[in-house]
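Chains as they are written, first to last, in my numbering: chain A, 6 to 134; chain B, 6 to 134; chain C, 6 to 134; chain D, 6 to 134.
Read the hints as simulated data drawn from the structure, not as lab findings. Worth double-checking, as some hints may not be accurate.
Given that identical chains are not distinguished, each listed pair holds provided it fits within a single copy or across any two copies.
[Stated by the list, open to error] Straight-line distance between alpha carbons at most 25 Å, and here's what the computed SDA-like set of lysine to any residue pairs gives: (1) LYS81 - THR69; (2) LYS118 - THR68; (3) LYS121 - ARG35; (4) LYS118 - GLY13; (5) LYS100 - LYS127; (6) LYS8 - GLY97; (7) LYS132 - ASN114; (8) LYS81 - ASN62; (9) LYS100 - GLN44; (10) LYS64 - MET120; (11) LYS8 - LEU112; (12) LYS132 - THR7; (13) LYS121 - GLY13; (14) LYS121 - GLU99.
Next come the chains, spelled out residue by residue.
4 protein chains.
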Amino acid sequence: MTKIAIRGYHLDAYQHVNNARYLEFLEEARWQYMDNISQEAYTRLNFSFIIVNININYKSSVTTGDTIRITTEVEKIGNSSMTFKQQIFLDGTEKLVCDASVTFVILSNKTGKPMKIEGELKSLLLKGK
Amino acid sequence: MTKIAIRGYHLDAYQHVNNARYLEFLEEARWQYMDNISQEAYTRLNFSFIIVNININYKSSVTTGDTIRITTEVEKIGNSSMTFKQQIFLDGTEKLVCDASVTFVILSNKTGKPMKIEGELKSLLLKGK
Amino acid sequence: MTKIAIRGYHLDAYQHVNNARYLEFLEEARWQYMDNISQEAYTRLNFSFIIVNININYKSSVTTGDTIRITTEVEKIGNSSMTFKQQIFLDGTEKLVCDASVTFVILSNKTGKPMKIEGELKSLLLKGK
Amino acid sequence: MTKIAIRGYHLDAYQHVNNARYLEFLEEARWQYMDNISQEAYTRLNFSFIIVNININYKSSVTTGDTIRITTEVEKIGNSSMTFKQQIFLDGTEKLVCDASVTFVILSNKTGKPMKIEGELKSLLLKGK
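Chain A with its partners taken away, still in its complex shape:
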């Protein structure tokens, strides 16, 4: 679970967090989820996450002084793609700010082609931190 305090530089002319900034927040949460994968494992398994789709619903707005809480869960796992379900809540409440499905392909850096999600890679992706 990731917490981010909303600051003035996250807002736009509407005084709300800008739609693009939420994608950085979601990416930050996925990096934290992936913090269980060591640098050694990244180097050895030698793969990249290639985002193929993001479908995000903006449900309510947040502003300076708010803190958000982001949850990241595996929604679906296929042969070489997987989908995270990510939800952003106003911290301390169950009020939903955004929910998103983020779909990736796992690419082998060696071949440049999609990589089968199995074995160690699969268990690392499923576990999260």
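Model the placement of chains B, C and D on the given structure of chain A, informed by the hints.
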């Protein structure tokens, strides 16, 4: 139609334009589409665009030295919401980089409630620049 | 003191944190410094921070996997302006990544004019969190 | 000379362009200045621009509906470093929004060491577009 030259600061660790940055590119293209609405009309009609959903497919990547071309069209128009279909191409080609559906609600700044899309507002939103 | 883990979306084409992103990191650290000022005090004292100068030295680069540590200290305090000295270190070491002097004017939101830094305002600005 | 229309996503909680965003605007202007350097010349000369200092004065603010005009000139050129003087004006006027000195070192990608600014490299850097 909007053209943007891809620069080093648009890229991320993968040497491709970051997923969040594309949402800024799409927003830029919508601002250009909306440039036909004068400041006078904004003030008089007194509304805000509230994004409720973005569904974006990342099809191919672009990097420094590339230029992208963004098209923005009305995909659907409802009572108080509308959806833009936006496509990003590698300029000079028909190669699709991203396509996205971006759905808004039009909010009245006076009442804070959704506003009926009709009359002058509707024709401004449909026309674009 | 602020800590930020460097992620792929912070980097640019050179695989280093982009020069503009550091200004967001410094702003984040100033927000954390200012977290001792309650919403109640902000509303009552009713002021804005207006940056007038940033002088930043980029000393060494950081990349994905690194964590940075940011320190924020008052360098100078004048009648209605103040300067923060901010330093970014590679966390766990004394290696300097950036140092910056950031100068503000304190503006009264009521009058739109510079506000004298004295009394409660001064002690809040000097103390930090 | 570079022109940028200010949009809602460039602003922050103060309804002005955020201090960090200006550094992206300045970088964009430098890329446009450097557009005279062909991809072929970049590859052949094989160098990187490493920013070592930015000293920026924020003089007046701009907001949605404004357009800015950025000028980029060589302020100083040394053995292996150079400084650009960049100024941002409210377009259509002589009103100064920002001025900045941006100092680089030119690094050889082959040796990882500073490169002498002379010959073809020097004339490309001095000329701009």
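Going through the hints against the structure:
Within a single copy, LYS81 and THR69 get their C-alpha atoms no closer than 34 Å, and across copies no closer than 27 Å, so neither meets the 25 Å cut-off. Taking the shortest alpha-carbon separations for LYS118 and THR68, only the inter-copy value of 19 Å comes in at or below 25 Å, while the best intra-copy value is 41 Å. Taking the shortest Cα distances, LYS121 and ARG35 sit within 25 Å of each other inside one copy (20 Å), while across copies they are farther apart (38 Å). Proximity of LYS118 to GLY13 under the C-alpha cut-off of 25 Å is restricted to the inter-copy arrangement: shortest distance 21 Å between copies versus 41 Å within a copy.
In this homomeric assembly, LYS100 and LYS127 never come within 25 Å of each other (Cα to Cα): the closest approach is 32 Å inside a single copy and 32 Å across copies. Proximity of LYS8 and GLY97 under a CA criterion of 25 Å is satisfied in both settings, with 11 Å inside one chain copy and 23 Å between copies. With identical chains, the CA atoms of LYS132 and ASN114 are at most 25 Å apart within one copy only, with a shortest distance of 22 Å there and 39 Å across copies. Taking the shortest alpha-carbon separations for LYS81 and ASN62, both the intra-copy value of 18 Å and the inter-copy value of 17 Å come in at or below 25 Å.
For the identical chains of this complex, LYS100 and GLN44 are inter-copy neighbours only, at 21 Å across copies versus 36 Å inside a copy, given an alpha-carbon limit of 25 Å. Proximity of LYS64 and MET120 under a CA criterion of 25 Å is satisfied inter-copy only: 18 Å between copies versus 35 Å inside one chain copy. Neither within a single protomer nor between protomers do LYS8 and LEU112 lie at most 25 Å apart by alpha-carbon distance, with minima of 29 Å and 29 Å respectively. Taking the shortest Cα distances, LYS132 and THR7 sit within 25 Å of each other inside one copy (16 Å), while across copies they are farther apart (28 Å).
Within a single copy, LYS121 and GLY13 get their C-alpha atoms only as close as 42 Å, which misses the 25 Å cut-off; across copies the closest is 23 Å, which meets it. For the homomeric pair LYS121 and GLU99, neither the shortest alpha-carbon distance inside one copy (36 Å) nor that between copies (30 Å) is at most 25 Å.
Checked against the numbered hints above, the structure violates hints 1, 5, 11 and 14; every other hint is satisfied.
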